[in-house]
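A.B. asks: Using the sequences and the hints given, assemble the complete structure.
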Amino acid sequence: MKNVLEWLETTVEKYPDKPAFSDTECSITFAQVYDIARNTGAYLVEQLGVDRTPVAVFAGRKMVTPAYFLGVVYAGRPYAPIDASLPDKRIEKILENLCPRAIVADRESLEHVESIVDELAKSEGFDRPQIFIAEDISCFEQVACADSNCKISESAGDHVTDSENDTDGGVVAGCAGKTDDSSLEKLATVRRQMSMTDPLYIIYTSGSTGNPKGVMTSHLSLMTYINAYCDVMHIEESDVLGNQSPLDYIAAIRDIYLPLKTGCSTAIIPKEYFMEPNALFDYMNEKKVSSVGWSVSAFTILTSLGAFEEVGLKSLRKICFSGSVMPCRVLKKWQENLPEAHFVNQYGPTEATASCTYYSVDHTVEDDEVLPIGKAYDNYRVFLIDEHGNEPAVGEQGEICVCGPILALGYYNDPERTAAAFTLNPLNKAYPERMYRTGDYGRLDEDDILHFCGRMDRQIKHMGHRVELDEVEHVANVVEGVAESCVIYNKAKEVLILFYTGDCDRRSLALALRDELPGFMVPRKIKKLEQLPKLPNGKYDMKNWRKCKMRDTILEILEELRPDVDFEKETKLIDDKILESFDIVSLVSELTDEFDITIRPKDLVPENFNSVDAIEKLVKELVEE
565 MKNVLEWLET
575 TVEKYPDKPA
585 FSDTECSITF
595 AQVYDIARNT
605 GAYLVEQLGV
615 DRTPVAVFAG
625 RKMVTPAYFL
635 GVVYAGRPYA
645 PIDASLPDKR
655 IEKILENLCP
665 RAIVADRESL
675 EHVESIVDEL
685 AKSEGFDRPQ
695 IFIAEDISCF
705 EQVACADSNC
715 KISESAGDHV
725 TDSENDTDGG
735 VVAGCAGKTD
745 DSSLEKLATV
755 RRQMSMTDPL
765 YIIYTSGSTG
775 NPKGVMTSHL
785 SLMTYINAYC
795 DVMHIEESDV
805 LGNQSPLDYI
815 AAIRDIYLPL
825 KTGCSTAIIP
835 KEYFMEPNAL
845 FDYMNEKKVS
855 SVGWSVSAFT
865 ILTSLGAFEE
875 VGLKSLRKIC
885 FSGSVMPCRV
895 LKKWQENLPE
905 AHFVNQYGPT
915 EATASCTYYS
925 VDHTVEDDEV
935 LPIGKAYDNY
945 RVFLIDEHGN
955 EPAVGEQGEI
965 CVCGPILALG
975 YYNDPERTAA
985 AFTLNPLNKA
995 YPERMYRTGD
1005 YGRLDEDDIL
1015 HFCGRMDRQI
1025 KHMGHRVELD
1035 EVEHVANVVE
1045 GVAESCVIYN
1055 KAKEVLILFY
1065 TGDCDRRSLA
1075 LALRDELPGF
1085 MVPRKIKKLE
1095 QLPKLPNGKY
1105 DMKNWRKCKM
1115 RDTILEILEE
1125 LRPDVDFEKE
1135 TKLIDDKILE
1145 SFDIVSLVSE
1155 LTDEFDITIR
1165 PKDLVPENFN
1175 SVDAIEKLVK
1185 ELVEE
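As numbered in the numbering used here, the sequence shown has no gaps in its residue numbers, which increase by one up to the final residue, 1189.
Check each hint, because a few of them may be wrong.
As a list, the in silico DMTMM-like pairs of lysine to aspartate or glutamate whose alpha-carbon atoms are at most 20 Å apart [unchecked claim]:
{"#": "1", "residue 1": "K750", "residue 2": "E610"}
{"#": "2", "residue 1": "K1098", "residue 2": "E836"}
{"#": "3", "residue 1": "K1089", "residue 2": "D1177"}
{"#": "4", "residue 1": "K1091", "residue 2": "D1034"}
{"#": "5", "residue 1": "K1098", "residue 2": "E1080"}
Just so you know, the hints here were simulated from the structure itself, not pulled from any lab data.
These figures come from a predicted structure and were not determined experimentally.
C.D. replies: Rendered as structure tokens:
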């Protein structure tokens, strides 16, 4: 098969009335997915014509959202899924890079998306895209009905032009129309022009420069990965997948496309359930969830919240985890409660279509064990290159590199970063071979099993020694009472800082680290948080750790200085001489140390220190610089 639409059409013929996707409210069948996608595609082709420019889709974690994605694909365009709950500035950066001719937004996101586009349209060089209402152009309706909550509108017959529906905000509402002969011919024309190497989606990831990178992936790459994953995890028509990831993240592609290939179903799990293990497990049992592909943090959080203490999982047998290193004491808990389950550790970047290696856990793990990341999926080539461009010896570290049809096409509208990350394989002297440099260290053992050794950018030089931050985290994670940990390095101050969650007190953790690590690797600062800040994909977002309970921390510092003052009420701490010069010196020192900021002479003005609000505002500004 040459594209994902062929998967959908084949599955529709086999299982037209079977639920493809479901959430807490209702489900949508494969036939309905097909109709919604075709209606959406027909409308977009009618309005936009035929070209390859991307369409941004704002639709949230709903069971109908994959159908909107596929509608864009039917129009012969790549879709770029965007979460409307992201910070406005991040969405603006994505849209500035994407420069879409059109946006498809559901009614829930519409007002917010319009306001962002209105703001962007004021800037020079940004052409305002057309905004289409997803529910209208797809002819999808959701009605309150006990038997079937979802339907395709029967009134989708009359074509509606832009002029009839264009509002002052540039939003186009209307119906795609029944896929009449004219629409069918246009869709057929688009299909004839499709190639398996055409871009399927553009998923945005974090960039080291602060600007998101749009990873552009082809039909071929996606299908190669799904085929390989399906073989390893033994996904069948009878399976029900439990979706944890936001649909704009790379991990969600499994939950979107496995149903199209196999006829299985995906149940979208409410985000809040991952903080309530009993509610989560009840929901998964009700849906008969048999397979999950979750971030490691999801398993860790559930375990720390007492998963399995009251409710078990009846159907779950196929479990994949990825995103970070799995603490084996957490995995052991899941193994003990799901002894018949197949557990797989998966590794890989978005640029290699989600994952490139896997390791099937065929034994009961030990608490202090570190799992390998295994071997390459079918149609993937994974190898190591040292700093000289050579292949390192067995047991020695090198950068993990990937070749094969699963490589992304590159970063959308960003040739410079594409050229830096996607280079030619120096080991292949016979012909030019494109590869992706992951930026991760790995080593191969005697059995050709790959082991993850940490990020290249997480290896630091501290006190004259090379330190792997991942190694420090591993030692911390096996300490009794530590749920999660993350280490950062303040290069300016040459200080290692460890953040953790759990019941362990800081002194006990420090002593445990001193027992296991050389002195130069023991973090000077250890900070306990209620939870570690994370991105929606489950990865740690330690750039924002200083914002966690910032006001409470400032109040604690002030109350230690002057326990006799009600700082919540006072608004003239300097003007009324409540804080003296010595207090300010101590306060500046504490703030500098606690938040890793530099308070400059020009910041030492009364208005910055007259109240808690003013101090918090100053600290926030310095943290963000």
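A.B. asks: Now tell me if each hint is right for this structure.
C.D. replies: Each hint, compared with the structure:
A threshold of 20 Å between alpha carbons decides the hint, and for K750 with E610 the separation of about 8 Å falls inside it, so the pair holds. Of the pairs offered as hints, the one joining K1098 and E836 holds, with about 15 Å between alpha carbons and a cut-off of 20 Å not exceeded. Pair hint K1089 plus D1177 does not hold up; C-alpha atoms about 26 Å apart against a cutoff of 20 Å. A distance of roughly 17 Å separates the Cα atoms of K1091 and D1034; the hinted pair therefore holds under the 20 Å criterion.
Pair hint K1098 plus E1080 does not hold up; C-alpha atoms about 27 Å apart against a cutoff of 20 Å.
This entry does not satisfy hints 3, 5, going by the numbered hints stated previously.
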